[in-house]
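Protein chains: 2
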Amino acid sequence: MRVGIVGGTGEIGEGMAMRLSRIMDVCVGSREVQKAHETCDTCLISAKERGINCSVEPGSNQQVVDESDLIILAIPFKHVESTIRGITGWEDKIVVSPVNPMERRDCFVYTPPTEGSAALFIQKILPSNTRICTAFNNIAGNRWRDIDSVLSYSVPVCGDDPDAKRIVMDLVDSISELKSFDAGPLSSSHIVESITPLLLNVARFNKMKDVGIRFV
Amino acid sequence: MRVGIVGGTGEIGEGMAMRLSRIMDVCVGSREVQKAHETCDTCLISAKERGINCSVEPGSNQQVVDESDLIILAIPFKHVESTIRGITGWEDKIVVSPVNPMERRDCFVYTPPTEGSAALFIQKILPSNTRICTAFNNIAGNRWRDIDSVLSYSVPVCGDDPDAKRIVMDLVDSISELKSFDAGPLSSSHIVESITPLLLNVARFNKMKDVGIRFV
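These protein sequence lines are chains D and E, in that order. Position one of the first sequence corresponds to residue 1 (the numbering used here), numbered consecutively onward. Position one of the second sequence corresponds to residue 1001 (the numbering used here), numbered consecutively onward.
One or more of the hints may lead you astray.
[Unchecked claim] No farther apart than 25 Å at their CA atoms in a straight line, the calculated lysine to any residue pairs in the SDA-like style are these: (1) Lys207(D) <-> Leu1178(E); (2) Lys1207(E) <-> Lys124(D); (3) Lys1209(E) <-> Lys207(D); (4) Lys1207(E) <-> Pro162(D); (5) Lys1209(E) <-> Phe215(D); (6) Lys209(D) <-> Lys1124(E); (7) Lys124(D) <-> Asp1106(E); (8) Lys179(D) <-> Ile1125(E); (9) Lys179(D) <-> Ser128(D); (10) Lys207(D) <-> Cys1107(E); (11) Lys1209(E) <-> Pro185(D); (12) Lys1207(E) <-> Arg105(D); (13) Lys1124(E) <-> Phe215(D); (14) Lys207(D) <-> Ser1187(E); (15) Lys207(D) <-> Asp1182(E); (16) Lys179(D) <-> Phe1205(E); (17) Lys1207(E) <-> Ala203(D); (18) Lys1207(E) <-> Asp148(D); (19) Lys207(D) <-> Lys1124(E); (20) Lys207(D) <-> Lys124(D); (21) Lys1179(E) <-> Ala203(D); (22) Lys207(D) <-> Met1169(E); (23) Lys1209(E) <-> Leu178(D); (24) Lys1209(E) <-> Leu126(D); (25) Lys207(D) <-> Leu1151(E).
For the record, the hints were derived by calculation from the structure and aren't laboratory data.
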């Protein structure tokens, strides 16, 4: 399976690319292909320094979708619609949304679209046979990028296609010490997405850093 | 400080009464005072069997509010409005809402009122100088009642009155190994409340029992 990361040059995208390219074939996409090249170089250098194999290819976001079986949308919510509408060929792909619509006001606030969640909005604008799951919503970008650190979080996965969900859960479980949990249908994604502004508030009000969750 | 539990004879209320009455003065309320007596007997017998002191008094829900500084609303959301409107004397009290509006359909679904959360609904119907916090939303009733088990969960606390929030956080931290976290203003309560149906779904879909959360 080849994993594509749309928006793979942002903080979370690059961290995901670094970690995933050591365990599977990864395609890193960006609106600016030069940036995708730089992220791939970062992945290759970091792996080489540690004597680890790494399989990563740069491309446009369109190439990432064309060449991958599973695509992670590592983009802020405000860019989701224009990015998705600028790409074709989503049919039958597994699409993973780690997207959390939120704003910083006095504190972080969950600001879903009228569909109820980023995931349901994405479902609405993608072809109906795209297989959408939410995953990786509650892991801080810093933690992805801190490549030698262990990620020991619980990762709720929502989705309506059982086979796609199983593949996404296996992907989650292949990364560091992440543990996937089936968190129900895609319509439950709003809860998972909203946990991120909660965690940012918990970090801020309790003087903590990069707070995540574990189901116990 | 005396803690009152309105609806203290349900599963969560009784479990809270058993645990809290061993560390502070507790007043257990019910619509049927006889039931409050039975819960107090359960607390006293359980503590006596273990050679532990226990301070617990039964009463009507009205007596609980009259005699307590801090009142926990251990009632289902559907009974919140009638219960609150049937009691007077809420002014200046600290009121803790562990209430999670939800329904069981194909899976558990968060069903907040139009105010956005149970906590904001409760704020609307209580006198404006009542000091409302959310806490204890994500701990299963079973776990409260399983009196010899350690509770080692994170407990997000939301509220707009800093002094009341500090008192509630100290209350949380006094119980077993619970750890309180300031989770922001009362308007963030919808996130905390919605985590409960998520945890119930995680338990169901992953064959687990009494799932809770920990911030890590």
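**Prompt:** Taking only the CA atoms, is the gap from lysine 209(D) to lysine 1124(E) under or equal to 25 Å?
**Reply:** violated (34 Å)
**Asked** Quick one, are lysine 1179(E) and alanine 203(D) close enough, alpha carbons at most 25 Å?
**Response** The given pair, whose Cα atoms are some 14 Å apart, holds under the 25 Å limit.
**Message:** lysine 207(D) and serine 1187(E) were given as a pair; does the straight-line alpha-carbon distance stay at or below 25 Å?
**Reply:** holds (20 Å)
**Request:** For the pair supplied as a hint, lysine 1207(E) and arginine 105(D), confirm whether the alpha-carbon distance does not exceed 25 Å.
**Result:** violated (39 Å)
**Request:** Quickly compare the C-alpha distance for lysine 1209(E) and phenylalanine 215(D) to 25 Å and report which way the hint goes.
**Result:** holds (11 Å)
**Asked** Do the alpha carbons of lysine 1209(E) and leucine 126(D) lie within 25 Å of each other, as the hint requires?
**Response** violated (36 Å)
**Asked** Does phenylalanine 1205(E) lie within 25 Å of lysine 179(D) when you go C-alpha to C-alpha?
**Response** holds (14 Å)
**Straight-line alpha-carbon gap lysine 179(D) to isoleucine 1125(E), limit 25 Å** = violated (42 Å)
**Item:** Hinted pair lysine 1209(E) and lysine 207(D), Cα distance within 25 Å
**Value:** It is violated: about 32 Å lies between the C-alpha atoms, which goes past 25 Å.
**Item:** Holds or violated: lysine 207(D) to methionine 1169(E), with C-alpha atoms at most 25 Å apart
**Value:** OK: lysine 207(D) and methionine 1169(E) at ~15 Å, within 25 Å.
**Item:** Pairwise hint evaluation, serine 128(D) against lysine 179(D), where the allowed Cα distance is 25 Å at most
**Value:** violated (29 Å)
**Message:** Just to be careful, I want the Cα atoms of lysine 207(D) and leucine 1178(E) compared with a cutoff of 25 Å; is the pair within it?
**Reply:** holds (18 Å)
Hint violations for this structure: numbers 2, 3, 6, 8, 9, 10, 12, 13, 17, 18, 19, 20, 24, all remaining hints satisfied.
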